[in-house]
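Starting from the known structure of chain A, fit chain B onto it as the hints suggest.
Protein chains: 2
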Amino acid sequence: MPPKPINFTDKLSKFSEHWSPRLIAELNHYQFKLAKIVGDFVWHSHPETDEAFIILDGNLVIEFRDGSVELKPGELIVVPKGVEHKPYAREECSILLIEPRGTLNTGDAGGELTAEQDKWI
Amino acid sequence: MPPKPINFTDKLSKFSEHWSPRLIAELNHYQFKLAKIVGDFVWHSHPETDEAFIILDGNLVIEFRDGSVELKPGELIVVPKGVEHKPYAREECSILLIEPRGTLNTGDAGGELTAEQDKWI
Chain A
234 MPPKPINFTD KLSKFSEHWS PRLIAELNHY QFKLAKIVGD FVWHSHPETD EAFIILDGNL
294 VIEFRDGSVE LKPGELIVVP KGVEHKPYAR EECSILLIEP RGTLNTGDAG GELTAEQDKW
354 I
Chain B
234 MPPKPINFTD KLSKFSEHWS PRLIAELNHY QFKLAKIVGD FVWHSHPETD EAFIILDGNL
294 VIEFRDGSVE LKPGELIVVP KGVEHKPYAR EECSILLIEP RGTLNTGDAG GELTAEQDKW
354 I
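Protein chains in written order, with the numbering used here: chain A, 234 to 354; chain B, 234 to 354.
Mixed in with the good hints there might be a few duds.
You can't tell identical chains apart in this list, so a pair holds if it fits in one copy or across any two.
[Unchecked claim] With a straight-line cut-off of 27 Å between C-alpha atoms, the simulated BS3-like cross-links for lysine-lysine are:
| # | residue 1 | residue 2 |
| --- | --- | --- |
| 1 | K314 | K352 |
| 2 | K237 | K319 |
| 3 | K314 | K237 |
| 4 | K305 | K352 |
| 5 | K247 | K305 |
| 6 | K247 | K237 |
| 7 | K244 | K352 |
| 8 | K237 | K352 |
| 9 | K319 | K247 |
| 10 | K352 | K247 |
| 11 | K305 | K319 |
Derived by calculation from the structure, the hints in this document are not laboratory data.
Remember, predicted model here, so these are calculated numbers, not experimental data.
The following block holds chain A by itself, in its conformation from the complex:
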């Protein structure tokens, strides 16, 4: 059987929890995860890896220590490893995350917003 297409809209319809990334595909040891977010996340960094965000729906703000960036659908940003950041969305925003297997959503910060890994949908 050939590999299957993965439709972002279909996959996004399968969950509603915020700040709880769902795994949709793997590329070697990298993972593609969908997340729905709203409000403020915690300041954190990923000391071991860069992290890519692609905006699918809604608007995302990422605060950095030296300024904030606004992102809209059809935009990509790569947060370099070790760089502190804090995602924020005024209204619900859907994003695609690309990062190595095992990357925690809260990075080095931990805490109660730390999501379970490898929740396939």
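Just chain B now, with coordinates in the frame of chain A:
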């Protein structure tokens, strides 16, 4: 300075050549490349790596030895390493490729459609 958002539409307006991927971002040793394609590509595989395609505009067909897959905007497919495939687009299609640095567009096939590497836009 915080990292900059990368807008796919803006970047796609900067080139018109077909089958000539342009580098827009790096994530560790992985690369994000935009490509515009039309017509038939060559059968090839990537013996060392999986390869991800995200469709941005238009429709893409990927032929595999055991069947073909049609993809539309908002869809992702991961072609596993070593699996022969042949992209095809009836009309122009814009795609985002995600793969390790150094991955050739023609994989193990080579030939005149082999594109130059690391053409940043």
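Evaluation of the provided hints:
When the C-alpha separation of K314 and K352 is checked against a cutoff of 27 Å, the pair qualifies both within a copy, at 24 Å, and between copies, at 24 Å. Within a single copy, K237 and K319 get their C-alpha atoms only as close as 34 Å, which misses the 27 Å cut-off; across copies the closest is 15 Å, which meets it. Within a single copy, K314 and K237 get their C-alpha atoms only as close as 31 Å, which misses the 27 Å cut-off; across copies the closest is 15 Å, which meets it. In the homo-oligomer, the alpha carbons of K305 and K352 lie at most 27 Å apart both inside one protomer (26 Å) and across protomers (25 Å), since each shortest distance falls under that limit.
In this assembly of identical chains, the alpha carbons of K247 and K305 lie at most 27 Å apart whether taken from the same copy (22 Å) or from different copies (20 Å). For the homomeric pair K247 and K237, the shortest alpha-carbon distance inside one copy (17 Å) is at most 27 Å, but the shortest distance between copies (31 Å) is not. Proximity of K244 to K352 under the C-alpha cut-off of 27 Å is restricted to the intra-copy arrangement: shortest distance 12 Å within a copy versus 33 Å between copies. Taking the shortest alpha-carbon separations for K237 and K352, only the intra-copy value of 19 Å comes in at or below 27 Å, while the best inter-copy value is 30 Å.
In this assembly of identical chains, K319 and K247 lie within 27 Å of each other by CA distance solely inside one copy; the values are 26 Å within and 31 Å between copies. In this homomeric assembly, K352 and K247 come within 27 Å of each other (Cα to Cα) only inside a single copy, at 12 Å, whereas the closest approach across copies is 38 Å. Taking the closest pair of Cα atoms, K305 and K319 come within 27 Å of each other only inside a single copy of the chain (16 Å); across copies the shortest separation is 32 Å, beyond that limit.
Comparing the model with each earlier hint shows no violations; every hint is respected.
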